[in-house]
Structure formats: structure tokens, C-alpha cells
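What follows is each chain in one-letter form.
Number of protein chains: 2
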Amino acid sequence: MNNFEFYCPTKIYFGKGEHKKIGELVKKYSSNILLHYGSGSIKKSGLYDEVLSSLKSAGVNVTELGGVQPNPLLSLAKQGIKTVKEKGIDFILAVGGGSAIDSAKCIAAGAKYDGDVWDFYIGKSTIKAALPVATILTIPAAGSENSAFTVITNDENRYKIGLPSDFLRPVFSVLNPELCFTLPPIQRANGICDMMAHIFERYFTNTKNSEVGDKLCEGALKAIINNGPKVIKKADDYDAWAEIMWAGTLAHNGLLGCGRQEDWASHGMGHAVSAIFDIAHGSSLSIMFPAWMKTVYKVNLEMFVQYAVKVWGISDSIRDDKEAIILKAICKTEKFFKSLGLPIRLSEMGVKESDLPKIAENALGAAGGAIGGFKQFTKKEEVAAIYKTAL
Amino acid sequence: MNNFEFYCPTKIYFGKGEHKKIGELVKKYSSNILLHYGSGSIKKSGLYDEVLSSLKSAGVNVTELGGVQPNPLLSLAKQGIKTVKEKGIDFILAVGGGSAIDSAKCIAAGAKYDGDVWDFYIGKSTIKAALPVATILTIPAAGSENSAFTVITNDENRYKIGLPSDFLRPVFSVLNPELCFTLPPIQRANGICDMMAHIFERYFTNTKNSEVGDKLCEGALKAIINNGPKVIKKADDYDAWAEIMWAGTLAHNGLLGCGRQEDWASHGMGHAVSAIFDIAHGSSLSIMFPAWMKTVYKVNLEMFVQYAVKVWGISDSIRDDKEAIILKAICKTEKFFKSLGLPIRLSEMGVKESDLPKIAENALGAAGGAIGGFKQFTKKEEVAAIYKTAL
Chain A
0 MNNFEFYCPT KIYFGKGEHK KIGELVKKYS SNILLHYGSG SIKKSGLYDE
50 VLSSLKSAGV NVTELGGVQP NPLLSLAKQG IKTVKEKGID FILAVGGGSA
100 IDSAKCIAAG AKYDGDVWDF YIGKSTIKAA LPVATILTIP AAGSENSAFT
150 VITNDENRYK IGLPSDFLRP VFSVLNPELC FTLPPIQRAN GICDMMAHIF
200 ERYFTNTKNS EVGDKLCEGA LKAIINNGPK VIKKADDYDA WAEIMWAGTL
250 AHNGLLGCGR QEDWASHGMG HAVSAIFDIA HGSSLSIMFP AWMKTVYKVN
300 LEMFVQYAVK VWGISDSIRD DKEAIILKAI CKTEKFFKSL GLPIRLSEMG
350 VKESDLPKIA ENALGAAGGA IGGFKQFTKK EEVAAIYKTA L
Chain B
0 MNNFEFYCPT KIYFGKGEHK KIGELVKKYS SNILLHYGSG SIKKSGLYDE
50 VLSSLKSAGV NVTELGGVQP NPLLSLAKQG IKTVKEKGID FILAVGGGSA
100 IDSAKCIAAG AKYDGDVWDF YIGKSTIKAA LPVATILTIP AAGSENSAFT
150 VITNDENRYK IGLPSDFLRP VFSVLNPELC FTLPPIQRAN GICDMMAHIF
200 ERYFTNTKNS EVGDKLCEGA LKAIINNGPK VIKKADDYDA WAEIMWAGTL
250 AHNGLLGCGR QEDWASHGMG HAVSAIFDIA HGSSLSIMFP AWMKTVYKVN
300 LEMFVQYAVK VWGISDSIRD DKEAIILKAI CKTEKFFKSL GLPIRLSEMG
350 VKESDLPKIA ENALGAAGGA IGGFKQFTKK EEVAAIYKTA L
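From first to last, the protein sequence lines stand for chains A and B.
Going by numbering that gives the first Met the number 0, the first residue of the first sequence is number 0, and it counts up by one from there.
Going by numbering that gives the first Met the number 0, the first residue of the second sequence is number 0, and it counts up by one from there.
For the record, the hints were derived by calculation from the structure and aren't laboratory data.
Keep in mind it's a predicted model, so treat the numbers as computed, not measured.
All residues carry an ideal CB built from backbone N, CA and C; glycine is no exception.
Any given hint could be a false lead.
Some, not all, of what chain B presents toward chain A, calculated at C-beta under 8 angstroms [what the hints assert, rightly or not]: (1) K15; (2) E17; (3) G218; (4) K221; (5) N226; (6) P228; (7) E242.
Straight-line distance between alpha carbons at most 25 angstroms, and here's what the computed BS3-like set of lysine-lysine pairs gives [unchecked claim]: (8) K15/B - K27/A; (9) K297/B - K229/B; (10) K207/A - K55/B; (11) K309/B - K351/B; (12) K84/A - K123/A; (13) K127/A - K20/B; (14) K55/B - K42/B; (15) K229/B - K309/A; (16) K232/A - K207/B; (17) K297/B - K10/A; (18) K331/B - K27/A; (19) K26/A - K42/A.
The task is simple: from the sequences and hints, build the whole structure.
Structural data, given as C-alpha cells:
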């Protein structure tokens, strides 16, 4: 096990009806907040009215900023930073999925910084303070409700970059599985893939002797694999949503990677695809992860055999050779994503072979020239070859 | 899954050599601290000198209070509270195992309270503030380094009572598996049993649909079962200690119980045994847990079959009946404890049948008249019957 630091101070309020006490929870921190949300689905579902009513009852002054898109844009976050500074707002409540929360975190960091907030994403500056952010989660997927991460797309240069800082851990997050009942099937599927990918990035490792981490990853993956299809089939399956929502939060709060070398090449490659083609994050991962697995499994056959046996229950009988077992597991992974209704090839999304060099360049560029911890890639041709496998 | 709240803000510094930066870590919080520790084993191991030197280099003023015993006593904590108040100390560093840390938490709560700190333990008052506590862990066992709990024994009435408060979560904990190398075999074994017991208390539940929790518990238990015997065999097996130390911390920080009804009868019964006979906490649990399992398994056969299959790998072939599978698992549990060198019967520790009513009375008395969530016991005769099974 490697040395590590772990810090996850977000308070979780989990379960039925929990969002109804949002006013009382927020009031402990602030009476002048920014309410940040997406496309208006929370208005259709009635959540918006419930939240606003609870905040008003608690005497909280609310400034609104809606319109966050999937793959949230720097331009909107900058508008939020301006508003927050002008109005002396000292707390941000994000209501929605990872996009609304990531955008809120960007605003929170920018509000305490005199320069351009993009500086943080490109490593030109380091976050030293941020406004407190809280969340009401409506899409179990990104794990941003409990993570240190924000991922923002720069609308000018189409770089989509992730940034971690402990200052960006939400102070609290409300997770009510009932709020997922109105999600359309593709968002449910994207979310399931996203949380599995967060675990994959931490699970596939060359670090020896990290058995606790192995077993936590395998357990969380199995719970997602068992419950994901249930929420695809039945939008209001509370019990299955509760498993998915809790697993999605644990998948990305850092716990499962403690003491382990992590990878993150698939995320990097997926970000580039999303940034250029505006493909949903989860769908970029259902495409890129199987291609990545096919490319790298020979680096550590034992790790991938373990994946096959422990996660997919494939027998490791000595009659099978290791590669056969591994390829069966990768095939099962792909089939699982497909069964959820997700794409598993770039070509399904209209990407052509001629686009691949440009996407590979974006992936390496946004990552500063190298992606991957399990196996590192620094050459455009290598990355393009993975995209080719995913085509 | 039940509604739940989860809050665990302790920052973890894990790995080789991490304790050497203690001065720098403490200095961020305070320059006038109480250093709290046990019997002096940290002096023999050289840890004491390293800690003191690091604190002095950082310019931290240190007042010492050693002498914490296993099953830490209220009287010493009260002495600490007096010292802290007199010297305007605003931070407590506990170096040791659960006893030193629990005692430190008691001092931290008492330092911010005008009344008798025991009031908190008997429910007469609620903790509303506490001094910050940090820890350097030397005995993986109690999980106090990351938990909300303090357990103290009142030397006057021999009640041993546990108390949770989020104010008692350490601000940070340093976990260096190397510091475990000097532990004597019985302390290693007690620690392993203690952390398994913390998981058992959360694992055995009647709550339906808590699959994420099930799998996290099973994974942590298996990692402990795989690595526990290694540290018994080889005192300086760093890799195995790292698994044990990390599993022990996760076992009791609250994560594994999220959304689940918990039990805690075995801890209550073990506390009574420890309070009256001064038996180590881990040993009280290796005795009480198998007896508790034998008493309650019929309440939820499915849960215990799952334990047998998932934790001990017992085949759930239809040729076996459920009770046979369960009894085999309980037998394996007992044998595992025995293989570590732990007692599994009260009689081994000199307890006689005539002592049982008194212990049962203590267990119920300290718990306010009822113990157990999986199955509740309120009658002295019922509790005495469990002790009889353990005799």
C-alpha cells in the first residue's frame, strides 16, 4: 500500500424527504446564497419550488443562476463569479447533477480569487480558499457531491479539464434517491457508467498489497452491476436507487483509491471526446473504458484476472488461459454498458477515423502531455490507437 | 436502506514515516498542547522521543499526561481536564491506542464543560463543544482515531460506557503501520477482534436493501481475516499491518453502518465483563460475539447464511440446511479467534457462573436498561443466558 492522505469532510444527509430541510441546513452557514442549477428539469419536477420555499421559510436571501449545461462551461461560471462578487454572496447551493455542482465549485473558487479562474485548471495558480458549496443531488453519476473535483469546459479552446482541491469538498450534500425518479433512461445509464468508471480508475492499479481497496472497489462495482439494471427498468425503484446513489458517492470521494496508484487515462480520453463532440460524459466512458482495457491489460494480467473473477464471477479454472478470462471480462463490461442503452463505439456517435488525431491531441494537451497511471501514454499516435480501438 | 447522516471530517495521514511530521501538523492548530499517552511503551519504542522532538522543533509547548490504562479511567481524564483548564491548553494529541485516544476525547469534552464530564456518558448532558483532538495511532483496534466515540470506565461505580459525538472526531490522525511492529501478540490479536466486532455490530442487521453496506462490511472482514494471522505470525509485516490498520479505521468510522440498523449488544456485554474483571476489550469480544451469534441467529437466518457464504466461503449447497451452514460459520468465527490466541470462553478468564447475574445487571444498567438492535434484550435473565452460553 502506498502512503496516502484522505480527507472527506462533507456531511451527508441521505434518504427520503431529506431535501425538505434544506432551508434550515443552509441557514447555519449563510443568509445570502447563490442557487445554481441546470436546464430547468428541477422546475418541472417540483423540486425547485420545494427548495425555494424551504430557503425562504428559513429567511435565506436567494440569487438564482440557472442554465448549467452538461459539460458545464467556463463562461457561465464566470458570470456566476461576477454575480457572487457584486452581491456579496457567501454560499453556493447547487441543485442538480455533477454539472451544476462542478460549475458551483468553479464559482466558489473564482469568488475568492482576483485572477482568471481558468488559471486553476491549467495549473497556473492553486486554490487557496473557496466559498462553501452545498448540494442537493438529482443525478447519481459524477460523485461531485462528495468529491474534491470540478470539471469545466473552456468554451473558447474546447479544453475540458478536471481539477481537485480539498477546498472544493461540499460542506454538505443532500442525497434523496426519490429525486432520481424523473431522470430519463439515458441519464440513468450515463450515471451508472460514470460511477463505475470512477471505480475502474482506482481499481486497476499496479500497487501491490492494497487488499482493503481491492475489496471495497469490487463490492461497490458489484452493487452497481446488481442495481443499475433495476433503475433502468423501473424509474421509481427506491431501494435500487438508494444503492446506486450511495455507491456513486463513495465511488468518487477518494476512499476507494486510498493507498493505490490510480489511472485516469480513460477519463482524459473521454473528456476530449466530450469537449469536441459534446457527448455526455458517461457515454464517453462506456466507449473509452473497454478500448482502454483492451489496450492495457497485458501490463498486469493478474489485476485483470482478479477483475474477471471477483467482479464478473468468471471462473479462473486452469483450463482457461489468463487472456481468455480477461477478454471475457472486457466483453462482459461492454455488454453490460450496451444493455443499459449506452454507446460502446465512437462511430455510433458520428466520430470518424479522420477525427482521431485531433481528439488525441486534445486529450494529451488538456492533460499536459501525459495520461494514465496504470500505463502512461505520452505519444499522440498511442492515444489515437486507443481511439481507433474504440471506433 | 434507512435514512442516515454521515460525517467524518478527520484527515488521515497514512503510511511509513508519517508521524515524523507531527510537529508541523499540530502547529497549524495550536502551540500549547496536552500530550496524552499510556503506560510508557512509546518511550521504549522510541516514538516518544521522535514525537517530542518534532513538536519542539515546531515550537509547540507540551504538557504531558501519561499513565492511561487499558479500559481508561474517568479519574485520569478528570485530572487531564483540570490540567488543561489551568494551563489554557487548547489542543490534545493522543499517542497510543484506543484507550489513550478515548481518554483524550473525554478530556477534550470536559475542558469545554463546567459540570462533571461523566454527565455526557450517562445522558445527563450533551456535548456542545470540545477541544480539537489529534492522534498518532499505535494499536489498530478501537477505531477511535477516526470515530465519534469515547469509551470510559467510571472507577467509582465500574460502569464502562461509550459515548458518540461528532465533536469528538479527531481533526487528524497519523496512521503509520511501522508503529505496530512492537506490539505484543495479545494486543495484536485483541485489536483484530475489536475491529471485526465493530464490523459485526453493523453487518448483522434486519434492514433490507443495504447491499452497498453488506459488501463493504464483507470486504473489510475478509481483508482482516486474510491479514490478521500474518501480523500475529510476523510482527513486522508492513503490508499486512497496512491492511489491518486501514481496515480497523474504516471498521468504526461509521461508514459501514450507513443506512443500516446496528446491534451493539455484544459490545455492551463485553464492556460489562471488562469493567468488572478488567479483561481487555478485544478479548471480551472474542468471548461474547460467538455466544451472541448462537443466541440470535434465528432472528434472521438469511443474514447469517449470507455471513457464512460471503465471509467464510461456506457453500450454500441445497443439501445443507440453513442452520447447519450458520453453525459452521459461527464455529469458524470462534476457531479464528482461538487461532489468534484469544479466549473464547468466560471461564478461561476466571469468570464463574455465580458472577453472571452481576455482570448482566452491569451490562443492562450501563446501557440504560436495553441492549441490542438486531435483537433487543431488556431482561437480566436473557442477558445472563448469553453469558452462560459464553461460559
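Checked hints:
1. Given hint, K15/B at the interface with chain A, holds; its Cβ is 6 angstroms from that chain's nearest Cβ, closer than 8 angstroms.
2. With its C-beta approaching chain A no nearer than about 7 angstroms, E17/B sits inside the 8 angstroms limit, and its interface hint holds.
3. Here the hint on G218/B is kept, as its CB sits about 3 angstroms from the closest CB of chain A, short of 8 angstroms.
4. Restraint check, K221/B versus chain A: the minimum CB separation of about 6 angstroms is within 8 angstroms; hint holds.
5. At about 7 angstroms, the closest approach between the beta carbon of N226/B and any beta carbon in chain A falls short of 8 angstroms, and the interface hint on this residue holds.
6. With 8 angstroms as the threshold, the beta carbon of P228/B stays out of range of chain A, its nearest partner Cβ sitting at about 13 angstroms, so the hint is violated.
7. At about 5 angstroms, the closest approach between the beta carbon of E242/B and any beta carbon in chain A falls short of 8 angstroms, and the interface hint on this residue holds.
8. Proximity of K15/B to K27/A is assessed by CA-CA distance (about 39 angstroms); at most 25 angstroms being required, the pair is judged violated.
9. The hinted pair formed by K297/B and K229/B fails the criterion: a straight-line CA distance of about 34 angstroms is larger than 25 angstroms.
10. Distance hint between K207/A and K55/B is unfulfilled; the C-alpha atoms sit about 36 angstroms from each other, more than 25 angstroms.
11. Among the hinted pairs, K309/B with K351/B is inconsistent with the structure: their alpha-carbon atoms are about 36 angstroms apart, more than 25 angstroms.
12. Distance restraint check for K84/A and K123/A: the Cα-Cα separation of roughly 22 angstroms lies within the 25 angstroms cut-off, and the hinted pair is therefore satisfied.
13. Distance check on the hinted pair: K127/A and K20/B sit about 22 angstroms apart at the alpha-carbon level, within 25 angstroms; holds.
14. For the suggested pair K55/B and K42/B, the alpha carbons sit about 16 angstroms apart, so the restraint of at most 25 angstroms is met.
15. Distance hint between K229/B and K309/A is fulfilled; the C-alpha atoms sit about 23 angstroms from each other, no more than 25 angstroms.
16. A hinted pair counts as satisfied when its Cα atoms are at most 25 angstroms apart, and K232/A with K207/B qualifies at roughly 20 angstroms.
17. Among the hinted pairs, K297/B with K10/A is inconsistent with the structure: their alpha-carbon atoms are about 36 angstroms apart, more than 25 angstroms.
18. Proximity of K331/B to K27/A is assessed by CA-CA distance (about 50 angstroms); at most 25 angstroms being required, the pair is judged violated.
19. Of the supplied pair hints, the one linking K26/A and K42/A holds, its CA atoms being roughly 22 angstroms apart against a limit of 25 angstroms.
In this structure, the hints that do not hold are numbers 6, 8, 9, 10, 11, 17, 18, in rising order.
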